[in-house]
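Peer 1: Each chain, letter by letter, is given below.
Number of protein chains: 2
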Amino acid sequence: MQRRRYTVAVLGATGAVGREMLKVLDERRFPVEKLVLLASARSVGEKVTFGKREVVVQLAEPDAFEGVDIVLASAGSGVSKQLLPEAVKRGAVCIDNSSAYRMDDNVPLVVPEVNPEAALGHKGIIANPNCSTIQMVVALKPLHDEAKIRRVVVTTYQSVSGAGQKGIEELAEQTVSLLNQKPFDVKVHAARIAFNVVPQIGTFGDNGYTDEEMKLVNETRKILGDPSIAVCPTAVRVPVFAGHSESVVIETERPLSPERARELLAAVPGMVVVDDPHAKKYPMPIDCAEQDEVLVGRVRRDFSVENGLAFWVVADNLRKGAATNAVQIAQVLDAHWNAAQA
Amino acid sequence: MQRRRYTVAVLGATGAVGREMLKVLDERRFPVEKLVLLASARSVGEKVTFGKREVVVQLAEPDAFEGVDIVLASAGSGVSKQLLPEAVKRGAVCIDNSSAYRMDDNVPLVVPEVNPEAALGHKGIIANPNCSTIQMVVALKPLHDEAKIRRVVVTTYQSVSGAGQKGIEELAEQTVSLLNQKPFDVKVHAARIAFNVVPQIGTFGDNGYTDEEMKLVNETRKILGDPSIAVCPTAVRVPVFAGHSESVVIETERPLSPERARELLAAVPGMVVVDDPHAKKYPMPIDCAEQDEVLVGRVRRDFSVENGLAFWVVADNLRKGAATNAVQIAQVLDAHWNAAQA
Numbered sequence: 007m008q009r010r011r012y013t014v015a016v017l018g019a020t021g022a023v024g025r026e027m028l029k030v031l032d033e034r035r036f037p038v039e040k041l042v043l044l045a046s047a048r049s050v051g052e053k054v055t056f057g058k059r060e061v062v063v064q065l066a067e068p069d070a071f072e073g074v075d076i077v078l079a080s081a082g083s084g085v086s087k088q089l090l091p092e093a094v095k096r097g098a099v100c101i102d103n104s105s106a107y108r109m110d111d112n113v114p115l116v117v118p119e120v121n122p123e124a125a126l127g128h129k130g131i132i133a134n135p136n137c138s139t140i141q142m143v144v145a146l147k148p149l150h151d152e153a154k155i156r157r158v159v160v161t162t163y164q165s166v167s168g169a170g171q172k173g174i175e176e177l178a179e180q181t182v183s184l185l186n187q188k189p190f191d192v193k194v195h196a197a198r199i200a201f202n203v204v205p206q207i208g209t210f211g212d213n214g215y216t217d218e219e220m221k222l223v224n225e226t227r228k229i230l231g232d233p234s235i236a237v238c239p240t241a242v243r244v245p246v247f248a249g250h251s252e253s254v255v256i257e258t259e260r261p262l263s264p265e266r267a268r269e270l271l272a273a274v275p276g277m278v279v280v281d282d283p284h285a286k287k288y289p290m291p292i293d294c295a296e297q298d299e300v301l302v303g304r305v306r307r308d309f310s311v312e313n314g315l316a317f318w319v320v321a322d323n324l325r326k327g328a329a330t331n332a333v334q335i336a337q338v339l340d341a342h343w344n345a346a347q348a
Numbered sequence: 007m008q009r010r011r012y013t014v015a016v017l018g019a020t021g022a023v024g025r026e027m028l029k030v031l032d033e034r035r036f037p038v039e040k041l042v043l044l045a046s047a048r049s050v051g052e053k054v055t056f057g058k059r060e061v062v063v064q065l066a067e068p069d070a071f072e073g074v075d076i077v078l079a080s081a082g083s084g085v086s087k088q089l090l091p092e093a094v095k096r097g098a099v100c101i102d103n104s105s106a107y108r109m110d111d112n113v114p115l116v117v118p119e120v121n122p123e124a125a126l127g128h129k130g131i132i133a134n135p136n137c138s139t140i141q142m143v144v145a146l147k148p149l150h151d152e153a154k155i156r157r158v159v160v161t162t163y164q165s166v167s168g169a170g171q172k173g174i175e176e177l178a179e180q181t182v183s184l185l186n187q188k189p190f191d192v193k194v195h196a197a198r199i200a201f202n203v204v205p206q207i208g209t210f211g212d213n214g215y216t217d218e219e220m221k222l223v224n225e226t227r228k229i230l231g232d233p234s235i236a237v238c239p240t241a242v243r244v245p246v247f248a249g250h251s252e253s254v255v256i257e258t259e260r261p262l263s264p265e266r267a268r269e270l271l272a273a274v275p276g277m278v279v280v281d282d283p284h285a286k287k288y289p290m291p292i293d294c295a296e297q298d299e300v301l302v303g304r305v306r307r308d309f310s311v312e313n314g315l316a317f318w319v320v321a322d323n324l325r326k327g328a329a330t331n332a333v334q335i336a337q338v339l340d341a342h343w344n345a346a347q348a
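Quick mapping for you: the protein sequence lines, in order, are chains H and L. Under our numbering, think of the first position of the first sequence as 7, with each following residue one higher. Under our numbering, think of the first position of the second sequence as 7, with each following residue one higher.
Rather than coming from a laboratory, the hints here were simulated on the basis of the structure. In this text the structure is predicted, and so the values were computed from the model without any measurement. Hints may contain errors.
Note that identical chains are pooled: a pair holds if it fits in a single copy or bridges any two copies.
[Said to hold, decoys possible] Simulated pairs of lysine to aspartate or glutamate, DMTMM-like, Cα-Cα distance not exceeding 25 Å:
(1) 188 - 175
(2) 29 - 39
(3) 129 - 296
(4) 172 - 75
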């Protein structure tokens, strides 16, 4: 039986995540029969290379989804809310990287290493979690299954690529300006990011937490399917171009040794244990760029509490934190459709 | 009665902290009758400006402490262990910024906002705590007095100036090299620090924590005089020139609202509450450089536990984290001596 091939649309094709989605589709040889690249009016007509093909960017509008099987969307919440229902109406399944549908009870929120089965229950839209949640839950899942996580204290070191291409450019421009003692602009990040750290990503709610931080609370519970998990988040932007780092401290119901935790983490597909601190081996952002794997290290007992464990987790936020995870969800759908066909 | 004036020696006078000590002595108009600048052979003969005086750096050797009243030392543990007993023998009181004597039961470990009275019990040496501990305990003290802290989870964002002048230069050189796509050296920090974060400061012990991290555990208990306080530390170097930031999450025995915590923190001398996140007001390293104050903000309830509170604390590690705290200890001694004389 012939393997199914798809018409795939990438919405937000010229953004930082959109470009990465194209790379990952190509690298993973996703069976793309036809590629439709969609963006706002500003980018229409741009030519984008995909493998050996050259594809012209079209306007993102409802009729552009005619005949599309799978939409990979990364164009912001507003665009997703406006256009994805139109795509679904035309028969497409949408994998959305925005926050628009993540907490919608009718939309599965999927990390393929954690809850792939949830993807199959979709009603047209599947949500891709936030970057900082994805890399954390890949590590939490096996530990939760083994010892039941009660509480998580997570503190992030998030790279500027999380704010897209403009976020990357702002760090580069500010760095060069500062080294040359010239003035610079602050537009994308909440404050100057060059040689600084900024304890604000997103906007603050009335409870003192940003929306970025609340994603770590709510998305973690939804993906792990356990609303009892308590999460204390602090999200911070750091002057790193690519790759988010997270310090994660957990408390579990049952004891869990660092040795056992390392075993469990090493067994997760897509996760690599980098944990020999005496030899200066631990995950760092410079080691994860352009990689699909989630790196985990510095796994150690937290002596400040009974059944405490601390670790450090790093991933390329544009890859596993966004593009790779979305393409992996498409691969889950593809495997399911092929199996159903067989 | 005439105010007493002192012969003050600065040991490690040409280092990053030593230079800052001179600035702070001058700014605070500490009653310096005579200034003795001591360093290793490499720096002997250098001329250093102090207020309107020009002072020549001398060799750090036992006899150099003859006639010295107060030694401010910042020359590393080895030098302190070798020379400070010689200074004490000659009648000086030493305020040591190295880790050599911090956990010695016979040596008080002092943060003047927290335990100034401990300084008066010295036997010749008073230890200045580690930078990351100082800024944290200034914030913890009033909260502990009010609600009794049981546990602290602290995650740091430490600037390169914590590794001295060479640490600063390495970030600058690596940044310029990377922007020009040229090769660079990694000598001072455990790994490349430019556009990266490094989860290692100091050296690892067998328990999975670095000595830098264990300082946050042990020094906090000693300064607050409460060995029951549990601390889970993660110390991380970030590409920031000056100013350490810390995400601190505490659990208290009694309830403590963010409003009450802010009141208590605002009442601490030397601490400034910068906490209006909706107006983008929170502490950042770029706001603390060359300042003596500890900045605290993002004070909020930690909803993941009963009696939980989270906050964010920033200070210039060369100032309050080192030089300022040492000079403040000298001021405590001066006030005591003047009071005793009166």
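Peer 1: Next step is simple, just say for each hint if it's right about the structure.
Peer 2: Outcome of the hint check:
Proximity of residue 188 and residue 175 under a CA criterion of 25 Å is satisfied in both settings, with 16 Å inside one chain copy and 20 Å between copies. Proximity of residue 29 to residue 39 under the C-alpha cut-off of 25 Å is restricted to the intra-copy arrangement: shortest distance 16 Å within a copy versus 69 Å between copies. Taking the closest pair of Cα atoms, residue 129 and residue 296 never come within 25 Å of each other, the shortest separation being 32 Å inside a single copy and 57 Å across copies. Neither within a single protomer nor between protomers do residue 172 and residue 75 lie at most 25 Å apart by alpha-carbon distance, with minima of 31 Å and 57 Å respectively.
The structure fails hints 3, 4 (numbered hints given earlier, in ascending order).
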